[in-house]
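If you read the sequences in order, they're chains A and B.
Residue 167 is where the first sequence ends in the numbering used here, and the numbering goes up by one at each step.
Residue 140 is where the second sequence ends in the numbering used here, and the numbering goes up by one at each step.
These are computed hints drawn from the structure, not numbers from a lab.
These numbers come from a predicted model, not from an experiment.
Incorrect hints may have been included.
Claimed, not checked - Across the chosen pairs, the derived CB separations fall in these ranges:
#1 A:GLU118 / B:ASN126: 52 to 58 Å
#2 A:LEU94 / B:VAL108: 29 to 35 Å
#3 B:ASN32 / A:PHE146: 31 to 37 Å
#4 B:ASN91 / A:ALA100: 47 to 53 Å
#5 B:ARG137 / A:VAL31: 25 to 31 Å
#6 A:PHE146 / B:PRO30: 30 to 36 Å
#7 B:VAL69 / A:LYS88: 30 to 36 Å
#8 B:PHE134 / A:ILE12: 38 to 44 Å
#9 B:ASN91 / A:THR26: 46 to 52 Å
#10 B:PRO30 / A:GLY135: 26 to 32 Å
#11 A:ALA115 / B:ASN126: 45 to 51 Å
#12 A:GLU147 / B:ASN126: 33 to 39 Å
#13 A:ILE15 / B:ASN126: 39 to 45 Å
Unchecked claim - Here are some chain B residues pointing at chain A (derived, C-beta under 10 Å):
#14 ILE40
#15 LEU41
#16 VAL49
#17 ASN70
#18 ASN133
Cβ coordinates follow ideal geometry from the N, Cα and C atoms, glycine included.
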Amino acid sequence: MGATQIIFWILSIVAVFSAIMVITRKNPVYSVLYLIITFFAISGHYVLMNAQFLAIVNIIVYAGAILVLFLFVLMLMNLNKESEPKKNKFMLWASAFAGGLLLYVLLAAVHTAHIENVKGIHVGNIGLVSELGKALFTTYVVPFEITSILFLSAMVGAVVIGKKD
Amino acid sequence: MPINYYIFLAIILFCIGVTGVLTRRNAIIIFMCIELMLNSVNLLLVAFSKMHHARALAAGAANTTAGIEAQLFVFFIMVVAAAEVAVGLAIIVMMYRNTHSVDINFLNRLKN
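Work out the full structure, taking the sequences as your base and the hints as a guide.
Structure representation (structure tokens):
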């Protein structure tokens, strides 16, 4: 077992474990903190696949901006274990069963499918900043500019919605 | 690592997200589970992009950029997710201001 495989398994176990903790913790603040661990593990997977640009963007955008926003809102509302809405046991088990069934069906479908085993998934340098930047600012410059307009409208929309009357 | 392992990992993370959406009633946790699902899909897209690139390299193209589109796609998904979170959290804050709760079962007023 090479170093890549050992790192892959460690990152996968960390990601899945903390994802399970996200949905099982009663206190929402703990859920956010475990979600940050999950995103860091996914960033580790990106580094392992030699996609450094996306790893950095994932940490900056998700762990740095989005989850801070989540934490901010949680602390603003002062939510904790006591204010967590209660759900009846039957609904809880039924929905957990439904999710498990989806997992089983998807895993079985992929398991029986024939997927070509491509060697060397970690080679190549398309994930580096220089390559992606070249493609982003030549071929995909129009969508890139459109996203800036999307951000502007999202910002205005958030202010309009959050404003008091 | 073979591509199968990445597919299995992405499926497991996605299903954990789906289960979270179904089991929890806190609107913010449901929103976080949606982010988890988005991230699992991003992981799968990056894995497939690298697989596509490895196949192009194996076919003999030396300076190929095959598969770079998927990584740009992931970048745009992250951008759109950031915009979505800003608007969504504003909606949740407004809902909390009106009902003093983040329980999604208060949001069934349109039912009848």
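Which numbered hints does this structure break?
-> none
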